[in-house]
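Engineer: Next come the chains, spelled out residue by residue.
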Amino acid sequence: KQEVTQIPAALSVPEGENLVLNCSFTDSAIYNLQWFRQDPGKGLTSLLLIQSSQREQTSGRLNASLDKSSGRSTLYIAASQPGDSATYLCAVKRNSGAGSYQLTFGKGTKLSVIP
Amino acid sequence: EAGVTQFPSHSVIEKGQTVTLRCDPISGHDNLYWYRRVMGKEIKFLLHFVKESKQDESGMPNNRFLAERTGGTYSTLKVQPAELEDSGVYFCASSQDLWGFLDNYGYTFGSGTRLTVV
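Same order as they appear, the protein sequences are chains A and B. Counting from 1, one number per residue, gives the positions in the first sequence under my numbering. Counting from 116, one number per residue, gives the positions in the second sequence under my numbering.
Only chain A is shown next, with the shape it has when bound in the complex (with noise of 0.2 Å):
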């Protein structure tokens, strides 16, 4: 069974840092990564897909890198805005076995950029 856990549960840095959040999963047959962001009362926007052959994905100031066989995935915040805060979701997608695919999320960490 897969799991997905997200450290820290909640983070709080002043504005302007770098910072990473980590994520990791008990299953390394997952055939891509997803990191969301979720703002409060709303959905989950994608910020980046990482596939099972790659080794990281960069967007902006976000960095996410995956390394499959040790099972972890971390997200890099670079120059944090308080624009930025939010709670951030890592979703890996494995075979459910049922001809269907599943994202498997963790508990997320919530971001908060203090100005």
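Just so you know, these hints were derived from the structure itself, not from any lab.
Covered by chain A, according to a simulated footprint, are these stretches of chain B (three or more residues, beta-carbon under 8 Å):
hint : segment
1    : 152-161
2    : 167-178
3    : 222-228
Now the in silico label distances, taken between C-beta atoms and shown as ranges:
hint : chain 1 : residue 1 : chain 2 : residue 2 : range
4    : A       : PRO82     : B       : LYS130    : 36 to 42 Å
5    : B       : ASN177    : A       : GLY83     : 37 to 43 Å
6    : A       : PRO14     : B       : VAL153    : 31 to 37 Å
7    : B       : LYS156    : A       : LEU11     : 16 to 22 Å
8    : B       : ASP212    : A       : ALA29     : 16 to 22 Å
9    : A       : ASP67     : B       : SER173    : 26 to 32 Å
10   : A       : GLU56     : B       : ARG137    : 34 to 40 Å
11   : A       : ALA79     : B       : VAL127    : 40 to 46 Å
12   : B       : THR188    : A       : GLU15     : 43 to 49 Å
13   : A       : GLU56     : B       : PRO196    : 46 to 52 Å
14   : B       : LYS159    : A       : LYS42     : 14 to 20 Å
15   : A       : PRO14     : B       : THR188    : 45 to 51 Å
16   : B       : TYR189    : A       : ARG55     : 34 to 40 Å
Where a beta carbon is used, it is the ideal one built from N, C-alpha and C, also for glycine.
Fit chain B to the supplied structure of chain A, relying on the hints for placement.
Structural biologist: For chain B alone, kept in the frame of chain A given last:
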């Protein structure tokens, strides 16, 4: 391009009542998924449609939940009768392909329906 649309955004119903949630996926996306998050827990898979067919419904909690996808377009998720433990946020997502190779975003999620059963 319009995103995934869900409505209502909020619903408060009494225990024993029926509620129907609706999801309109991105046009052209054959794959439609339902997920939900109950308080304090992680988001969990409910089921997956490919066009109008249920590909995987292994995450449906019990037979009080019924999902349909008319003509491979929009989908509805009906809860009948609703129980207190059904409260949570129900998310719908769609994808163009199963693996995210055709676009860099993989799954696109809607804003969710917050269901409260009192």
